[in-house]
Amino acid sequence: MFIAELRQQLKGGEISARELIEHYLGRIESVENTLHAYLEVTAERALAEADLIDQMRAEGKPLPPLAGVPIAVKDNLCTQGIRTSCSSKMLEKFVPPYESTVTKRLWEAGAVLLGKTNLDEFAMGSSTETSAFGATSNPWDPSRVPGGSSGGSAAAVAAGECIAALGSDTGGSIRQPASFCGVVGVKPTYGRVSRWGLVAFASSLDQVGPFATNVADAAEILKVISGHDPLDSTSINASVPDYCSSLSNSVQGLRIGLIKECFEQKGLSSEVKTSVMTAANLLQSLGAELLEVSCPRFNDGIATYYVIAPSEASANLARYDGVKYGYRSEGANNLAEMTSRSRAEGFGSEVQRRILIGTYALSAGYGEAYYKKAQQVRTLIRRDFEKAFDSVDILLTPTSPTTAFSAGKHANDPLSMYLADLLTIPANLAGLPALSLPCGFDGSGLPIGVQLISNVLEESRLLNVAHQYEQAAEVMANRPKANLVP
Amino acid sequence: MKKISAEDVRKVAELARLDLPDQDISTYACQLEKIITYVAQLEKIETVDVIPTTRALEVLNVTRDDNVKSTSVREELLELAPHREGDFFRVPQILAD
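Order-wise, the sequence lines are chains F and Z. Under numbering that gives the first Met the number 0, residues 0 to 485 are what the first sequence spells out, in order. Under numbering that gives the first Met the number 0, residues 0 to 96 are what the second sequence spells out, in order.
Please note that the accuracy of each hint is not assured.
[Said to hold, decoys possible] The following label-pair restraints were derived from C-beta to C-beta distances:
#1 Z:72 <-> F:476: 48 to 58 angstroms
#2 F:289 <-> Z:1: 33 to 43 angstroms
#3 Z:72 <-> F:43: 38 to 48 angstroms
#4 F:385 <-> Z:20: 43 to 53 angstroms
#5 Z:49 <-> F:280: 51 to 61 angstroms
#6 F:247 <-> Z:71: 42 to 52 angstroms
#7 F:254 <-> Z:58: 23 to 33 angstroms
It is worth saying that the hints were derived from the structure and are not from the lab. For glycine and all other residues, C-beta sits at the position ideal for the given N, C-alpha and C.
Model the full assembly from the supplied sequences, consistent with the hints where possible.
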């Protein structure tokens with residue numbers, strides 16, 4: 000059901016908020032044993048919220064825009080009074096005394112928290128397998144990963160365990176799981192959405208965004224969470240357009256750039272390539288113009304990212320010292336030993352690996368060679384985009400070179416997992432808004448995602464083009480059968 | 000190929016305050032060697048006079064009025080400490096014997 004329909008049904012008395020929440024809690028109950036998308040389900044709170052909304056309805060009071068909409072939240076966004084673990088032993092008992100700005104805005108708009116979703120530990124990973132509390136499965140095929148790091152949120156939306164969800168995207172952590180799970184996932188312009196209350200991973204790249212089953216719902220959520228926040232000095236002070244009102248605009252005359260380098264990747268599956276090209280051709284048949292563009296420095300995106308992101312992470316994660324909050328190792332003889340042991344015992348191996356990479360890249364003698372060099376290449380990648388946007392309005396690429404891979408596939412080779420992020424990372428490095436939406440299925444019935452990237456603060460265009468494609472392509476109407484996808 | 004020895008990893012782990020067992024050190028050494036060798040491809044890129052990007056979008060001198068505000072979460076914050084003693088965080092001894 001679309002949020003807009005739900006709003007009408009609540010208003011018209013066809014359904015109550017309690018019935019709606021009970022439906023989703025029932026759905027969670029029936030599929031969670033297989034999926035493990037949630038780390039915690041906040042059933043009591045959700046039902047209490049629903050009753051308040053039903054009371055407002057009974058009294059004839061006007062309802063806020065997202066009244067009763069059940070939402071799941073990635074467990075790296077602070078929720079006051081509700082454990083926020085980042086899927087880490089380090090924060091296993093952390094109950095934040097404050098609420099993140101994005102979730103605060105959702106609750107003010109009437110949305111209802113259904114629970115906190117699983118992620119790769121501290122959002123570091125592409126499969127949701129590095130969670131300290133067990134992996135999440137892909138609803139299309141439980142032997143496959145849901146993608147990551149926001150795999151719990153993507154799987155929950157795909158399996159009908161919520162209407163929409165929030166995730167965070169540092170190098171593709173919203174778009175890649177959206178692609179693997181056959182849902183819509185949006186990474187906004189860096190600064191469009193406040194990061195206050197998002198547990199920091201790589202501060203110059205992190206951005207919060209929505210997951211939904213369709214573009215219109217994603218637009219509704221994005222509208223509510225966007226906008227300036229005095230608590231985040233990197234948030235952009237610009238007005239937020241009504242993303243919903245421009246969805247029906249025509250794509251006639253729109254110039255779509257196909258990034259040559261993205262279609263020439265040797266790891267790109269032929270099924271993904273064909274499906275994404277078919278999506279581009281459909282947009283062309285709707286009146287858009289297809290142009291090939293070149294972004295030669297794209298192929299250096301991963302190397303750039305795996306210097307910058309771990310460097311920032313190593314600094315951000317220095318705060319976990321076993322003193323003020325988080326895990327503490329007992330029995331150490333002195334403070335230094337206590338801190339080093341707490342971090343060795345509290346962080347999982349992927350987090351430790353990235354802290355080590357970052358510390359190495361920033362350590363004496365290497366700072367210039369790695370960190371500064373990566374920042375310079377980051378500039379070159381930004382320039383590639385600037386040049387591309389001189390001749391096109393929007394860029395189109397596959398979201399991921401493959402469909403969802405099998406659990407455990409990259410377990411012994413971290414670099415092979417990192418290389419799978421090559422198509423999503425450049426938008427983070429340049430701060431550009433990007434989204435993934437379903438465009439087809441492979442021979443095994445797994446969803447394929449197409450990525451759209453637009454210029455700074457052009458989320459309206461991004462959502463408009465995605466919506467036009469979605470309406471014409473009807474990908475989900477022709478989906479293969481999957482037991483866990485309603 | 001960049002060589003990363005167990006000794007290099009041990010030094011970095013010490014800087015990062017990670018007390019790792021020897022077995023982990025040697026695993027990380029192999030993995031870091033592969034990763035650092037991969038990212039070293041950046042060395043070949045010409046970047047003379049290229050200004051480094053420190054943030055995705057340039058935001059300059061964000062300031063606010065320097066007003067004192069009180070918050071009421073002091074007790075909740077202290078309660079999050081693994082060991083608390085009154086209004087203090089309790090830790091093991093700071094100086095070695």
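Against the range 23 to 33 angstroms, how does the distance between the Cβ atoms of residue 254 (chain F) and residue 58 (chain Z) compare: consistent or not?
holds, 29 angstroms
Status of the given 38 to 48 angstroms range, CB of residue 43 (chain F) versus CB of residue 72 (chain Z)
With a Cβ separation near 24 angstroms, residue 72 (chain Z) and residue 43 (chain F) fall outside 38 to 48 angstroms, so the hint is violated.
Taking the Cβ atom of residue 49 (chain Z) and the Cβ atom of residue 280 (chain F), is their distance within the range 51 to 61 angstroms?
For residue 49 (chain Z) and residue 280 (chain F) the Cβ distance comes to about 37 angstroms; the hint is violated.
Please test the hint of 33 to 43 angstroms on the beta carbon pair from residue 289 (chain F) and residue 1 (chain Z).
Given about 41 angstroms between the Cβ atoms, the range holds.
Is it true that the C-beta distance of residue 72 (chain Z) to residue 476 (chain F) lies inside 48 to 58 angstroms, as the hint says?
holds, 49 angstroms
Hint check for residue 71 (chain Z) and residue 247 (chain F) - Cβ pair distance inside 42 to 52 angstroms
Between residue 247 (chain F) and residue 71 (chain Z), where Cβ atoms are some 47 angstroms apart, the hint holds.
Hint check for residue 20 (chain Z) and residue 385 (chain F) - Cβ pair distance inside 43 to 53 angstroms:
holds, 48 angstroms
Hints 3, 5 from the list above are not met by this structure, while the remaining hints are.
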